[in-house]
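Chain A is fixed; fit chain B onto it per the hints.
From first to last, the protein sequence lines are chains A and B. Mapping of the first sequence onto our numbering: residues 1 to 292, in sequence order. Mapping of the second sequence onto our numbering: residues 1001 to 1292, in sequence order.
If you are wondering where the hints come from, they were derived from the structure by calculation, not from laboratory data. Glycine residues also receive a C-beta, built at the ideal position from the N, C-alpha and C atoms. Errors might be hidden in some of the hints.
Unchecked claim - Part of the chain A face toward chain B, derived, beta carbon under 7 Å: (1) LEU180; (2) VAL188; (3) ALA191.
Number of protein chains: 2
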Amino acid sequence: MTARKLDGRILADRVLEEVRATVAARPASRRAPSLAVVLVGDDPASHVYVNAKMQACTRCGIESHRIALPARADAATLHATLARLGEDARIDGILLQLPLPSALEARSALAALAPHKDVDGLHPLNAGKLAADDFSGFVPCTPAGVLEILQRSDVPLAGRRVVILGRSVLVGRPLALLLLRRGIDATVTVAHSQSREVAELVGAAEILVAAVGKPRFVRRAWLRRGAVVVDVGIHREPHPDRPDATRLVGDVEDAATADIAAYTPVPGGVGPMTVAMLLRNTVLAWQRGGGG
Amino acid sequence: MTARKLDGRILADRVLEEVRATVAARPASRRAPSLAVVLVGDDPASHVYVNAKMQACTRCGIESHRIALPARADAATLHATLARLGEDARIDGILLQLPLPSALEARSALAALAPHKDVDGLHPLNAGKLAADDFSGFVPCTPAGVLEILQRSDVPLAGRRVVILGRSVLVGRPLALLLLRRGIDATVTVAHSQSREVAELVGAAEILVAAVGKPRFVRRAWLRRGAVVVDVGIHREPHPDRPDATRLVGDVEDAATADIAAYTPVPGGVGPMTVAMLLRNTVLAWQRGGGG
Chain A
1 MTARKLDGRI LADRVLEEVR ATVAARPASR RAPSLAVVLV GDDPASHVYV NAKMQACTRC
61 GIESHRIALP ARADAATLHA TLARLGEDAR IDGILLQLPL PSALEARSAL AALAPHKDVD
121 GLHPLNAGKL AADDFSGFVP CTPAGVLEIL QRSDVPLAGR RVVILGRSVL VGRPLALLLL
181 RRGIDATVTV AHSQSREVAE LVGAAEILVA AVGKPRFVRR AWLRRGAVVV DVGIHREPHP
241 DRPDATRLVG DVEDAATADI AAYTPVPGGV GPMTVAMLLR NTVLAWQRGG GG
Chain B
1001 MTARKLDGRI LADRVLEEVR ATVAARPASR RAPSLAVVLV GDDPASHVYV NAKMQACTRC
1061 GIESHRIALP ARADAATLHA TLARLGEDAR IDGILLQLPL PSALEARSAL AALAPHKDVD
1121 GLHPLNAGKL AADDFSGFVP CTPAGVLEIL QRSDVPLAGR RVVILGRSVL VGRPLALLLL
1181 RRGIDATVTV AHSQSREVAE LVGAAEILVA AVGKPRFVRR AWLRRGAVVV DVGIHREPHP
1241 DRPDATRLVG DVEDAATADI AAYTPVPGGV GPMTVAMLLR NTVLAWQRGG GG
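Just chain A, same shape as in the assembly:
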């Protein structure tokens, strides 16, 4: 059996093309959707991510704004910035790029977002709507991207055993709630650092989602024959063969060579689809708001 690669770049391109077509089809009288990205400090990886998101916006005809605050910005400044964007009728979606500098608390900042513009789905009200099976909120982008990859790859989910490794507020928990929704109907197990018998749990997974945050944590030998493996992890580590070079690896040890049905590569798997979901949520906010 050769494992099928679920190419996140190709799948995300299809979503972005749909987004672009939706935006292009608006009446002449209506303004384009707009996204505001708030970035605090100078974390290099965050700047790379924000650039990728803004480039994708441009490609799809979405207007994007970058609001950069200095690393020493205090909570009052950040909250005031978010409040102002919440009231700005020209802005449909607001993204607060995480992580924040250590002096700022993410939880209170996320709670300061206008829930109807929270296109990253991280305001507690949107988390609660997901938990309550209420479709009027926003689903966080990484879990939405994992589901999108599985659905666009025709991976059956109803009644199947999905094991999610990792219980984070950004990925593991919302993904569990999403996969439990009626119409998706997976049987969902969430395991984490305190779980016992992790190899055995992984071995029972028809679909495994690894969101542990540890490079190559999941051993090839643990995987069930015929499983579908989605790798949310992304880590930079020294290249094994080339001194002074690095490479990107995921949470799963070289899935491509395992006796499984399909896998998402790292890089080029979940990451691109996460960006595509952000744009789709932005268009959703624009459609709901009726802004123009």
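Relative to the frame of chain A, chain B by itself:
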């Protein structure tokens, strides 16, 4: 092996005694906590439940108010009633008794509750706080009661495999999030009507929580040796031996006679603890509000 009965009445009595002592120990200048119960229509079971909750309040020194609306009340009337209670400084907790008459929608009514008085934990903001591991909200009473029974019975949870049958917004989903919390640390599987191989899933459970809503759905033979079984179901059915009589049964077929470690009886298991959790949440709202 004789299965140990986890007596919800005895355990709930201890919680109620703690609640009573907390209320009694307040300064002379401070008013007692108060709970408002809103009941729409004349569902007989709802009236029984509301009476039990108000009696428990009286026993603990909590003031309780019943606001009864006619079955034909419209959404505007109900929402206005909830809004008025939300603004009333003499009221700490508000409970909207479910189910509502079919003409009313529970979701929009729950969203009309003041989140800081939502002692049943069903407003989406409180659901979201639970999902986000934010302890400033309220945990719904049935999931909180299940956890309380397990903890007070010294059932180890960290790293253990908990299987929850049922994915409801009131029980299965919030219980999953609660058991995943740091410091509780269970490995959690949620299965439901679309799950395949349910007998096998149940057989892997070190702790089984049945919240299916089907009488005697879980077969004795499915249970793992040494498991702990929590039965959230409660159903009235004809008595097998006495014509014209009925009896109450749970979602699990006669757990007492199975080769397991412990079980909650029906009745007298989760039900009494659910009421105790409502009172504990009411006192929490009173403490947070500082009302008096």
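Results of checking the hints against the structure:
With a cut of 7 Å, the hint placing A/LEU180 at the interface with chain B holds, because the nearest CB-to-CB distance is about 5 Å. Given the 7 Å rule on beta carbons, the hint for A/VAL188 holds: about 5 Å separates it from the nearest Cβ of chain B. Because the closest C-beta pair between A/ALA191 and chain B is about 5 Å apart, less than 7 Å, the hint holds.
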